[in-house]
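Dock chain X against chain L, hints included.
Protein chains: 2
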Amino acid sequence: MPDKINKIEEWLRNNGSRFAYIADPVNVFYLTHFKCDPHERFLGLFIFPEDEPFLICPELEVRQAMSSDFGSEVIGYRDDQDPWTFVKKTLDSRKLNDGKIAIEPSTLPYKKALALTHLYEHASFTSIEGLLASLRNIKDEFELAAMKKAGEAADYAVGLGVDAIKKGKTEKAIIAEIEYELAKHGFSEMAFDTMVLTGENSAAPHGYPGTRQIKEGDFILFDLGVVVDGYCSDITRTVCYKYVSEDQQKIYDTCLQANLAAIHAVREGLRIGDLDGTARKVITDAGYGKYFTHRLGHGLGLGEHEEPSMSADNDHTLTAGMVFTIEPGIYVPDVGGVRIEDDIYLSKDGPVTLTHYPKELQIIH
Amino acid sequence: MPDKINKIEEWLRNNGSRFAYIADPVNVFYLTHFKCDPHERFLGLFIFPEDEPFLICPELEVRQAMSSDFGSEVIGYRDDQDPWTFVKKTLDSRKLNDGKIAIEPSTLPYKKALALTHLYEHASFTSIEGLLASLRNIKDEFELAAMKKAGEAADYAVGLGVDAIKKGKTEKAIIAEIEYELAKHGFSEMAFDTMVLTGENSAAPHGYPGTRQIKEGDFILFDLGVVVDGYCSDITRTVCYKYVSEDQQKIYDTCLQANLAAIHAVREGLRIGDLDGTARKVITDAGYGKYFTHRLGHGLGLGEHEEPSMSADNDHTLTAGMVFTIEPGIYVPDVGGVRIEDDIYLSKDGPVTLTHYPKELQIIH
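For the record, the sequence lines run as chains L and X.
Residue 327 in the numbering used here sits at position 327 of the first sequence, with consecutive numbering throughout.
Quick note, the numbering used here runs 365 ahead of the 1-based positions in the second sequence.
Bear in mind the hints are in silico, worked out from the structure with no lab data behind them.
Predicted model only: the values in this text are computed from it and were never measured.
Cβ coordinates follow ideal geometry from the N, Cα and C atoms, glycine included.
Errors might be hidden in some of the hints.
So these bits of chain L aren't anywhere near chain X, every CB distance computed over 10 Å [as the list claims (entries may be wrong)]:
1) 172
2) 267
3) 358
No more than 25 Å apart at the CA atoms, straight line, and that leaves these computed lysine-lysine pairs for DSS-like [to be verified]:
4) L/88 - X/476
5) L/111 - X/453
6) X/465 - X/369
7) X/532 - L/184
8) X/724 - X/531
Facing chain L, a subset of chain X residues (Cβ under 10 Å, in silico) [unchecked claim]:
9) 490
10) 492
11) 669
Here chain L stands alone, though its shape is the one from the complex (with noise of 0.2 Å):
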């Protein structure tokens, strides 16, 4: 962990930048491994080129951040003291002038920024999202372990909500169902809201699950995710209830040839965009493009979207260690949407799917 750390103080030395200040909660967690939800409460991991690192965090917190993996100095704040006098005597004391500081200008609300140039005012601001994000890109072998149990338990989901369908049951009971045995089995923390989207409903690829009840002849979509230590899981899988006709059949093994031939496709220096190609040509030739809407998927990691963006637009090629999903979808309005998505971890060796949910058209009787 540290040895993230010592990254980004390496990145502020030729950066030339005075130092870092890390506010997303995400991002703290992916240097130290302290998990800490501030809502509107402040949290800042402030980095030096040469100095070390301190965090101030909410006094309630601070016993959590000590038992970290971070190992350096932790102020704590009350709720009647103003964090900011924390941070401005912490860094006097450091004899820091005017200069770049790096921020996360995506996340850090203008607000912050704003306070930062009221205790420098000659302060300039450089992003460090950049390099964050391409450490992230890259998991080691204990990331690439939380999201092989991710995925896993993003298998166990789906199978859950495959057994809970039944005629008249609701989009948000078979919800209820799958978080309840997931959670017994103590996985409490999905990675985005559960959907559960069934007839015409599926062919809304960002539907809101509702008390729709199953009927013969839907198509059921399951798209989820479960958190194991931070790190996500997304899986999607579209199953039919009772009978699927022909058009049905024929959207769904588009949606897979597209899938399986992404999947195949996979491998190191490919341009990130031809890969979203690749299955838009399937599903463009079987004459259902227009119903494709969305990218091919998305880094996945402690975000359940990260980089890189796998889009027809991304020139970036892929790099051993990413993780991405493939997730091509086909919506047809009236007649109802297929997705098929899954978790690609790109190893030296090439593709490793880490989620392994049957893709065969299933009838569910």
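Just chain X now, kept in the frame of chain L:
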């Protein structure tokens, strides 16, 4: 709903701002009833002093936005399109020059503020958060109705938790049972991660539920909230398992007296810090002052933590229409912790408690 947008427009006129850029999905929902969680995608509600507002959201969400209460122009963009070009084009068509732009500094990422300054080089920012907070602070009838239902759901949830208590059961298992039963009854969104803390864990006000098993003599603390129609409840109750020690009884009685004294003191025009003082005095007089380590409570609404902050240093006064929590707590290391939290609506006729689960100490057998 448009009524709330009218108030923003009026404020923009008085404030001399060119437009407001509302990016926080919760505020977008507040103003339009369009529920959208865009993750890292772009969402923006643009409101003008004299012109029609418009909304930019992912194409996938356009239908939902159109069927909301918004009623003005909705612009969708695909994943392969840059939403900022739509922002620029639409703003240009309104012939906007440089000037003051109203933003939400606490939540707007620095990067998005920067993007605005790239569109309008001489733009300056002003905060619209004070207005939004003060609007959201005062609940209308629709909001109160939702919060009453959310309070009832919270009462029901605590009952489920108390019913699930059994020797040897873990904190996580009880949470799973609560949320499963809630979901079966249509309550599938919690306001925050449900907390069940037992024994010495109950002494950590921000503890994480785990696999500790219930033992005789434990305090069992439930802190949970349910979301209904977007609005949150937030309740805490503490019970004992099998028997209660003299120390525990005294801690409980003191905490309950503090809760009741504060609720009794609620009235329009009262300085909020003094309400914290009322509860704190009860606890301090009983000798537990140093164990009440947090503020008395917080505002409640679409967010689980809103203004006003019910803290000692808050000089603002209570106003009819506010909903807030009253949640004194006493956390004695090695003995255990008690917190008793209610949601209070301040009507013109005095405080109305929205949470009704009984507060006399229950000893569960």
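Do the hints match the structure? See the list:
1. A Cβ of chain X approaches the Cβ of residue 172 of chain L within 10 Å, the least distance being about 5 Å, so the stated non-interface status is violated.
2. Distance check for residue 267 of chain L against chain X: the nearest CB is about 24 Å away, which clears 10 Å, and the non-interface claim stands.
3. Remark: the non-interface label on residue 358 of chain L is consistent with the geometry, its nearest Cβ contact in chain X lying 26 Å away (cut-off 10 Å).
4. For the hint pairing residue 88 of chain L with residue 476 of chain X, the CA-to-CA distance comes to about 24 Å; that is within 25 Å, so the pair holds.
5. Between the alpha carbons of residue 111 of chain L and residue 453 of chain X the distance comes to roughly 24 Å, so the proposed pair stays at or under 25 Å and holds.
6. Proposed proximity of residue 465 of chain X and residue 369 of chain X is supported: the alpha carbons are some 21 Å apart, at most 25 Å.
7. With a C-alpha separation of about 16 Å, the suggested pairing of residue 532 of chain X with residue 184 of chain L holds against the 25 Å cut-off.
8. Restraint check for residue 724 of chain X and residue 531 of chain X: the C-alpha separation of about 20 Å stays at or below 25 Å, so the hint holds.
9. The restraint placing residue 490 of chain X at the interface with chain L holds, with a minimum CB-CB distance near 7 Å, inside the 10 Å limit.
10. Satisfaction of the interface hint for residue 492 of chain X is found here, the shortest Cβ-Cβ separation to chain L being roughly 8 Å, below the 10 Å cut-off.
11. Because the smallest distance between the Cβ of residue 669 of chain X and any Cβ of chain L comes to about 8 Å, under 10 Å, the interface hint for this residue holds.
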